[in-house]
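Asks: Model the placement of chain Y on the given structure of chain F, informed by the hints.
Protein chains: 2
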Amino acid sequence: MNNRFLDACWGKPVDCTPVWLMRQAGRYLPEYMAVRSKCTFLELCKTPDLAAEVTIQPVDILGVDAAILFSDILTPVEPMGLKLDFVPGPVFENPVRSMADVQRLRIPEPEKDLPYVLEAIKILRRELSGKVPLIGFGGAPFTLACYMVEGKGSKDWANIKRMMYYAPEIYSALMDKVTMMDMEYLNAQIKAGAQAIQIFDTWGGILSPTDYEKYVLPYTTRLINGLNRMETPVIHFVKGSGTMLQTVQKAGGDVMGLDWHINLGTARDLLGPGMAVQGNLDPSVLYAPSEVIEQEVTRILDENAGRPGHIFNLGHGILPTIPPENARFMVECVHRISQR
Amino acid sequence: MNNRFLDACWGKPVDCTPVWLMRQAGRYLPEYMAVRSKCTFLELCKTPDLAAEVTIQPVDILGVDAAILFSDILTPVEPMGLKLDFVPGPVFENPVRSMADVQRLRIPEPEKDLPYVLEAIKILRRELSGKVPLIGFGGAPFTLACYMVEGKGSKDWANIKRMMYYAPEIYSALMDKVTMMDMEYLNAQIKAGAQAIQIFDTWGGILSPTDYEKYVLPYTTRLINGLNRMETPVIHFVKGSGTMLQTVQKAGGDVMGLDWHINLGTARDLLGPGMAVQGNLDPSVLYAPSEVIEQEVTRILDENAGRPGHIFNLGHGILPTIPPENARFMVECVHRISQR
Numbered sequence: 275m276n277n278r279f280l281d282a283c284w285g286k287p288v289d290c291t292p293v294w295l296m297r298q299a300g301r302y303l304p305e306y307m308a309v310r311s312k313c314t315f316l317e318l319c320k321t322p323d324l325a326a327e328v329t330i331q332p333v334d335i336l337g338v339d340a341a342i343l344f345s346d347i348l349t350p351v352e353p354m355g356l357k358l359d360f361v362p363g364p365v366f367e368n369p370v371r372s373m374a375d376v377q378r379l380r381i382p383e384p385e386k387d388l389p390y391v392l393e394a395i396k397i398l399r400r401e402l403s404g405k406v407p408l409i410g411f412g413g414a415p416f417t418l419a420c421y422m423v424e425g426k427g428s429k430d431w432a433n434i435k436r437m438m439y440y441a442p443e444i445y446s447a448l449m450d451k452v453t454m455m456d457m458e459y460l461n462a463q464i465k466a467g468a469q470a471i472q473i474f475d476t477w478g479g480i481l482s483p484t485d486y487e488k489y490v491l492p493y494t495t496r497l498i499n500g501l502n503r504m505e506t507p508v509i510h511f512v513k514g515s516g517t518m519l520q521t522v523q524k525a526g527g528d529v530m531g532l533d534w535h536i537n538l539g540t541a542r543d544l545l546g547p548g549m550a551v552q553g554n555l556d557p558s559v560l561y562a563p564s565e566v567i568e569q570e571v572t573r574i575l576d577e578n579a580g581r582p583g584h585i586f587n588l589g590h591g592i593l594p595t596i597p598p599e600n601a602r603f604m605v606e607c608v609h610r611i612s613q614r
Numbered sequence: 275m276n277n278r279f280l281d282a283c284w285g286k287p288v289d290c291t292p293v294w295l296m297r298q299a300g301r302y303l304p305e306y307m308a309v310r311s312k313c314t315f316l317e318l319c320k321t322p323d324l325a326a327e328v329t330i331q332p333v334d335i336l337g338v339d340a341a342i343l344f345s346d347i348l349t350p351v352e353p354m355g356l357k358l359d360f361v362p363g364p365v366f367e368n369p370v371r372s373m374a375d376v377q378r379l380r381i382p383e384p385e386k387d388l389p390y391v392l393e394a395i396k397i398l399r400r401e402l403s404g405k406v407p408l409i410g411f412g413g414a415p416f417t418l419a420c421y422m423v424e425g426k427g428s429k430d431w432a433n434i435k436r437m438m439y440y441a442p443e444i445y446s447a448l449m450d451k452v453t454m455m456d457m458e459y460l461n462a463q464i465k466a467g468a469q470a471i472q473i474f475d476t477w478g479g480i481l482s483p484t485d486y487e488k489y490v491l492p493y494t495t496r497l498i499n500g501l502n503r504m505e506t507p508v509i510h511f512v513k514g515s516g517t518m519l520q521t522v523q524k525a526g527g528d529v530m531g532l533d534w535h536i537n538l539g540t541a542r543d544l545l546g547p548g549m550a551v552q553g554n555l556d557p558s559v560l561y562a563p564s565e566v567i568e569q570e571v572t573r574i575l576d577e578n579a580g581r582p583g584h585i586f587n588l589g590h591g592i593l594p595t596i597p598p599e600n601a602r603f604m605v606e607c608v609h610r611i612s613q614r
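Chains as they are written, first to last, in this note's numbering: chain F, 275 to 614; chain Y, 275 to 614.
So that you can see chain F by itself, here it is in the shape it has in the complex (with noise of 0.2 Å):
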């Protein structure tokens, strides 16, 4: 068992840095394509065996040292009472707009609302073992709501914003609902196998860092709190959270996702040796030439210098047309430089 990954979460000494890479089982792999070519996008997050498929295949492709579990963050948002589809983006065809639009919404029970995730990860834990830690996730409170809300992607969220400024008692009664569901999905992931959970907050960095503090910083911390992680550590990731690190390092956690927007050293110096960070190659160096990538590879570990608990990853997810050798060469250069 390559246990690289769990013992750099726990800043635990390592061989060499475990890496791997967000949306790391995705359109970027002709092998992903070809299984994703027969159904769906909602149809392959709800097989299980097609879901434990495509979460192995980046191990065994890029020789990543973590598997993360195929899945949307929206998945156990359907199950509260909204449709969802995905047209390629998500859309929930009826948005939470009203404190009666918040009062209708249900907790899922994981083991019979979203039995699937359950036994993909079980699938996972059998076929990943004596290779790579599997990684379980779920998107933040706040980023589930913004598309709760806007019911799709948004480039201003206005109508989440104006629910926070107008109607602060429904969007802390939609928060209070979206982190009781959150709670349960993850401590039933972790219950069914998933060695680490990821917290993506997509959209935290698109307030202010006082409104950030306000607004999204209790529920985080009320999740994380929340979840049995005796054993499982938490990673948390907000894009674009670089200006206001240590409010976020607020939410607890054990490894802080750093996006590429601010210098990993500057990040860690900020953040202290308690706490472990990941990231933070920028995902478009993948379209660079392989001396670039070395090169942006041993900035990063050298800005690391050495430092326990660091795993590396881009900082967001691996875009859909990058070429997979150059994926590999990431992860090969990640392992051989910081051997040295």
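These are calculated hints, taken from the structure and not from any lab test. Treat the hints loosely; a few may be bogus.
To be verified - Listed below are several chain F residues computed to face chain Y (Cβ distance under 10 Å; list not exhaustive):
{"hint": "1", "residue": "T484"}
{"hint": "2", "residue": "D485"}
{"hint": "3", "residue": "R573"}
Claimed, not checked - Label-pair distances were calculated between CB atoms; the ranges are:
{"hint": "4", "chain 1": "Y", "residue 1": "M307", "chain 2": "F", "residue 2": "M504", "range": "56 to 64 Å"}
{"hint": "5", "chain 1": "F", "residue 1": "P594", "chain 2": "Y", "residue 2": "M373", "range": "22 to 30 Å"}
{"hint": "6", "chain 1": "F", "residue 1": "R614", "chain 2": "Y", "residue 2": "N368", "range": "43 to 51 Å"}
{"hint": "7", "chain 1": "F", "residue 1": "G337", "chain 2": "Y", "residue 2": "S564", "range": "54 to 62 Å"}
Cβ atoms here follow ideal geometry from the backbone N, Cα and C, with glycine treated the same way.
Replies: This is chain Y only, laid out in the frame that chain F set:
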């Protein structure tokens, strides 16, 4: 003459904090829409009387302390030889992809190729005399190059990043030419009467701090150094630059534009007393009820803590769906609260 804005640019004492709004001549104003309904966006940019009319509207309607020339950052790129259209986002029919494409670009002569911009400035100086100063502006070389290479807006700007990494000689030849164009264009604006210059680097923040320093900073530095700015302060605004402010500061300029992702107090501490700042209200706060707007204005003024050299502004352009009365209320708050 209301000199608050220029005084603050130079770090001089002011009677109250000056304020204007990025994109203040824009779609949120019915008065703007009335003019705009009679012509296309590009026609509006190219008709000095109309451009001057919409430039002045927010001065009268909102009571702001500066006017900014109505134009588009891509206006001067068209006479370089790229065919520009708005559909409604900007599109170039013939993007720049090869060294031959770069060599074909010409450096416009502002007086001959962009007379309507200079004419609008002259009209505005006459009509604004005794009211408020006039800000001229241009896109930073990198942001212009992003559109020129991509041909339109993009999520990941893959084409220009590939050019940076695979064909640095084409990239630098393009950036040299755009920087030269920018310098002549902005100097012509100063000569025609612009009393301050804002450089918009909307996309500088898509790069890591390391890549920004390597691929963007040298060109913006050269541009700012090349401006005839004895009496004309330069505002440098790089969206998403909160994690690399001290790097961006090396480009020079008198005022640093701040988006809303960094606390203004933190930014001032990083930049030191020698540089003024402009910002940094989240544009979405103008969706909020007046008590929230007042509270946020107060918070930002408190963060500045009376330091000289603060121009209040949004952290990005005003959104098209903002009620004009909210913008007016914000301006009134800034003046009233900063007098205390």
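Asks: So, for every hint listed, does it hold in this structure?
Replies: A quick look at each hint next to the structure:
no.: 1; hint: T484; result: holds, 6 Å
no.: 2; hint: D485; result: holds, 7 Å
no.: 3; hint: R573; result: holds, 6 Å
no.: 4; hint: M307(Y) with M504(F): 56 to 64 Å; result: holds, 60 Å
no.: 5; hint: P594(F) with M373(Y): 22 to 30 Å; result: holds, 29 Å
no.: 6; hint: R614(F) with N368(Y): 43 to 51 Å; result: holds, 47 Å
no.: 7; hint: G337(F) with S564(Y): 54 to 62 Å; result: holds, 57 Å
Violated hints: none; the structure is consistent with every hint.
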